[in-house]
Amino acid sequence: MSLIQVNGISKVYRLGDIDLKALCTVSTKIEQGEFVAIMGPSGSGKSTFMNILGCLDKPTTGQYMLEGIDIGKLDRDELAGIRNKKIGFVFQGFNLLPRTSALENVELPMLYDGIPAKERSEKAAGALKNVGLEGRGGHHPNQLSGGQQQRVAIARALVNNAPIILADEPTGNLDTKTSAEIMELFVKLNTESHITIIIVTHEHDIAAYSKRIIRFLDGCIVSDEEKGIRGQGLENHD
Amino acid sequence: MINLPATLKISLRALRVNKMRSALTMLGIIIGVSAVIAMLAVGTGASRQIEEQMSSMGSNLLIVVPGATTSGGVRMGAGTQSTLTLADAEAIKRECPAVEEVGPNLTGVAQVVYSNMNWSTGVVGTTPGMLIVRDWTLSSGKPFTEQDVKSATKVCLLGQVVVDNLFGDTDPVGKIIRIKNVPFTVLGVLGKKGQSATGQDQDDTVYIPVTTAQKKVFGTAFPGMIRSMMVKARGAEYLADAEKQINELLRQRHRIGPKQDADFTVRNLTQMMQAREESTKVMTLLLGAIASVSLLVGGIGIMNIMLVSVTERTREIGIRMAIGAKTWDIRLQFIIEALTLSLIGGLAGIIIGVTGSEILSALFGWPTIVSPLSILMSFSFSGLVGIFFGFYPAYKASLLNPIDALRYE
Ligand SMILES: Nc1ncnc2c1ncn2[C@@H]1O[C@H](COP(=O)(O)OP(=O)(O)OP(=O)(O)O)[C@@H](O)[C@H]1O
Ligand SMILES: [Mg+2]
Numbered sequence: 001m002s003l004i005q006v007n008g009i010s011k012v013y014r015l016g017d018i019d020l021k022a023l024c025t026v027s028t029k030i031e032q033g034e035f036v037a038i039m040g041p042s043g044s045g046k047s048t049f050m051n052i053l054g055c056l057d058k059p060t061t062g063q064y065m066l067e068g069i070d071i072g073k074l075d076r077d078e079l080a081g082i083r084n085k086k087i088g089f090v091f092q093g094f095n096l097l098p099r100t101s102a103l104e105n106v107e108l109p110m111l112y113d114g115i116p117a118k119e120r121s122e123k124a125a126g127a128l129k130n131v132g133l134e135g136r137g138g139h140h141p142n143q144l145s146g147g148q149q150q151r152v153a154i155a156r157a158l159v160n161n162a163p164i165i166l167a168d169e170p171t172g173n174l175d176t177k178t179s180a181e182i183m184e185l186f187v188k189l190n191t192e193s194h195i196t197i198i199i200v201t202h203e204h205d206i207a208a209y210s211k212r213i214i215r216f217l218d219g220c221i222v223s224d225e226e227k228g229i230r231g232q233g234l235e236n237h238d
Numbered sequence: 001m002i003n004l005p006a007t008l009k010i011s012l013r014a015l016r017v018n019k020m021r022s023a024l025t026m027l028g029i030i031i032g033v034s035a036v037i038a039m040l041a042v043g044t045g046a047s048r049q050i051e052e053q054m055s056s057m058g059s060n061l062l063i064v065v066p067g068a069t070t071s072g073g074v075r076m077g078a079g080t081q082s083t084l085t086l087a088d089a090e091a092i093k094r095e096c097p098a099v100e101e102v103g104p105n106l107t108g109v110a111q112v113v114y115s116n117m118n119w120s121t122g123v124v125g126t127t128p129g130m131l132i133v134r135d136w137t138l139s140s141g142k143p144f145t146e147q148d149v150k151s152a153t154k155v156c157l158l159g160q161v162v163v164d165n166l167f168g169d170t171d172p173v174g175k176i177i178r179i180k181n182v183p184f185t186v187l188g189v190l191g192k193k194g195q196s197a198t199g200q201d202q203d204d205t206v207y208i209p210v211t212t213a214q215k216k217v218f219g220t221a222f223p224g225m226i227r228s229m230m231v232k233a234r235g236a237e238y239l240a241d242a243e244k245q246i247n248e249l250l251r252q253r254h255r256i257g258p259k260q261d262a263d264f265t266v267r268n269l270t271q272m273m274q275a276r277e278e279s280t281k282v283m284t285l286l287l288g289a290i291a292s293v294s295l296l297v298g299g300i301g302i303m304n305i306m307l308v309s310v311t312e313r314t315r316e317i318g319i320r321m322a323i324g325a326k327t328w329d330i331r332l333q334f335i336i337e338a339l340t341l342s343l344i345g346g347l348a349g350i351i352i353g354v355t356g357s358e359i360l361s362a363l364f365g366w367p368t369i370v371s372p373l374s375i376l377m378s379f380s381f382s383g384l385v386g387i388f389f390g391f392y393p394a395y396k397a398s399l400l401n402p403i404d405a406l407r408y409e
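Top line first, the protein sequences correspond to chains A and B.
At position 36 of the first sequence (counting the first as 1) the number is 36 in this note's numbering, and the numbers step up by one without a gap.
At position 385 of the second sequence (counting the first as 1) the number is 385 in this note's numbering, and the numbers step up by one without a gap.
I should point out that these hints are in silico values taken from the structure, not numbers from a laboratory.
Hints are supplied without guarantee of correctness; some may be wrong.
Think about it this way: if two alpha-carbon atoms lie no more than 30 Å apart in a straight line, the pair counts; the simulated DSSO-like pairs of lysine-lysine are [stated by the list, open to error]:
id : chain 1 : residue 1 : chain 2 : residue 2
1  : A       : Lys123    : B       : Lys9
2  : A       : Lys118    : B       : Lys396
3  : B       : Lys93     : A       : Lys86
4  : A       : Lys123    : A       : Lys85
5  : B       : Lys93     : A       : Lys123
6  : A       : Lys211    : A       : Lys227
7  : B       : Lys396    : A       : Lys21
8  : A       : Lys85     : B       : Lys9
9  : A       : Lys73     : A       : Lys58
10 : B       : Lys150    : A       : Lys58
11 : B       : Lys150    : A       : Lys86
12 : A       : Lys85     : A       : Lys73
13 : A       : Lys227    : A       : Lys188
14 : B       : Lys215    : B       : Lys150
15 : A       : Lys58     : A       : Lys118
16 : A       : Lys58     : A       : Lys129
17 : B       : Lys93     : B       : Lys150
18 : A       : Lys86     : A       : Lys211
19 : A       : Lys129    : B       : Lys9
20 : B       : Lys9      : B       : Lys19
21 : A       : Lys85     : B       : Lys93
22 : A       : Lys29     : A       : Lys58
23 : B       : Lys192    : B       : Lys215
24 : A       : Lys227    : A       : Lys86
25 : B       : Lys19     : B       : Lys93
26 : B       : Lys9      : A       : Lys118
27 : B       : Lys93     : B       : Lys216
28 : B       : Lys216    : A       : Lys73
29 : A       : Lys118    : A       : Lys129
On a predicted model such as this, the values are computed, not experimentally measured, just so you know.
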């Protein structure tokens, strides 16, 4: 059983009279412990695909199996439970709650999981330490740099021990050096904690951190290459 | 399964985080609630005061005063000579079938002394009939009688204010006081009545037989003179008849021809008071209307703030859903937020409205009565507005796909 298995999922947006096919019958499998990069030109359906994987959106057709569970058969609240426990989503724009401390932001997934206060703050502090933000728990998002905010978001994605992290252009708003630090963090989580990581990016040096690259074009997967070793197999493209 | 303590915590945290929004929403509720309470308290207080004055004055009353009526109203300038006599009063009682009782009035201000205490008060010379006319009972002792009036006895009834000032805690019944140096025996004490319609303290008075007032205290310009008289009709439906009968009788007794102006005027006190009560009711309604406008404005303020914050809050809802908030986690959070704001704002509004009413009555001497209905009405209106506009956008957002909530603009 694969961790993630999608069978012919598509996504169609109705815009007035015309149907816009953002995703056309995509099928693929992703195994536990993989580090996958998703690439492709703008508008090719990468985010659409990620949002479906993250249970933030539903496919128009097709089947999505996560850990053997048919996601299409779950109701809203069961999906919320999946997002809470199985998936950590990292956004390009961070999506932290404003005017709320880093620690409280990281605590949030545990609040919705009903974890007691003491355990909550201990684990949140631990997660912040894990992403290199020890002692920054009291800072509000607007008191943190972009890289630090993204680390808070990653800590939030980690804190409920989700086996999967989905990151849609997590370094899109960051400079090269900070991007490299964030990517090192993902690599560490992948190798040390065996967390499955799926990341959308436009940049080859970001994709170079992955072991597998899936390329999208006009809503379809056009290539899917396993590199086995990080950093290989990139020179041939573009 | 919903985790209530956690949701409560989330709500309170969100309120604390969005301080400005919370404060402004509460302000809307506070203004709405306190304005309605204070305004209606002023209106209710005013009409209650008039009702009390009406019942303290007695019912179905006419007053007969000297001086002619002109088309412009009652002419009662300085130097108006009295033309009324005690015999007129007795005749009205005897000959007008619509009249139940008559109370003559010969009033003056006099110094009243008991041992080493003295007090300046209004001394009213009258008959036992006056107590019936004014629906006035004694709190102790007994009234003077027709016999006392006939023989001009030196006896008196004291108003409570006079008792308080001359006697303190001593029982005045049976004691001797001096009015203008004439000794009087206190027969009884008049029950408390409070303020009159003209703002005088009705308990600051001494009643003596009218004949005693004429002969021994004030003296008269002509035999039997009185200043005015109050007449009680047999019932509300007899007021017009009584007025007519008194007019006819007095014109005849005073020998006034049909074309001549009368030298007296009969006024319908009850009608005058009812007119005042009507206008106070109109005023209460007006105040209520103004207050409702502020309630509405407060409500619109709440609505605006809530709606303006929807975009921000919809993204917040998207974030919360993305990390695992269930439908009712979201809804409960916003219900609790809105309830908390409405409750705190409403309570603050009630406190401010009630103290505001008290400050108004202390500052301007307006009697104010806070009615429970105004509290209930304003509280529930602002509360419902706050809860509806706080919760409805959140309810709608809770039905969105998480990704749509995250992208909401
Ligand atoms: N909510 C929506 N309504 C209508 N069309 C949409 C919506 N979301 C996405 N699309 C369309 O679907 C297509 C795929 O969009 P998507 O966001 O998946 O692209 P992307 O590969 O992530 O692009 P980028 O690299 O610019 O982020 C685009 O043509 C876009 O216009
Ligand atoms: Mg995208």
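If you draw a straight line from the CA of Lys93/B to the CA of Lys150/B, is it 30 Å or shorter?
16 Å, holds
### Query
Regarding the pair Lys9/B and Lys118/A, is the alpha-carbon distance no greater than 30 Å?
With Cα atoms ~14 Å apart, Lys9/B and Lys118/A stay inside 30 Å; holds.
- Task: Please work out if Lys215/B and Lys150/B have their alpha carbons no farther apart than 30 Å.
- Result: The hint holds at about 12 Å.
Holds or violated: are the alpha carbons of Lys118/A and Lys129/A at most 30 Å from each other?
It holds: about 17 Å lies between the C-alpha atoms, which stays within 30 Å.
inquiry  = Just to be careful, I want the Cα atoms of Lys216/B and Lys73/A compared with a cutoff of 30 Å; is the pair within it?
reply    = 108 Å, violated
When you check the alpha-carbon spacing of Lys85/A and Lys9/B, does it fall within 30 Å?
-> 21 Å, holds
Report task. Quickly compare the C-alpha distance for Lys93/B and Lys216/B to 30 Å and report which way the hint goes. Result -> Given that 30 Å is the threshold and the Cα spacing comes to 25 Å, the pair holds.
- Query: Is it true that the CA of Lys85/A sits at most 30 Å from the CA of Lys93/B?
  - Reply: Given that 30 Å is the threshold and the Cα spacing comes to 97 Å, the pair is violated.
Task: 30 Å limit on alpha-carbon distance, applied to hinted pair Lys19/B and Lys93/B - done: 75 Å, violated
Sort out whether Lys58/A lies within 30 Å of Lys150/B, counting only the CA atoms. 106 Å, violated
Does Lys129/A pair with Lys9/B here, judged by a C-alpha cut-off of 30 Å? 25 Å, holds
**Message:** Run the distance test for Lys58/A versus Lys118/A: straight-line Cα separation, threshold 30 Å.
**Reply:** The given pair, whose Cα atoms are some 36 Å apart, is violated under the 30 Å limit.
Checked against the numbered hints above, the structure breaks hints 2, 3, 5, 10, 11, 15, 16, 21, 25, 28 and satisfies the rest.
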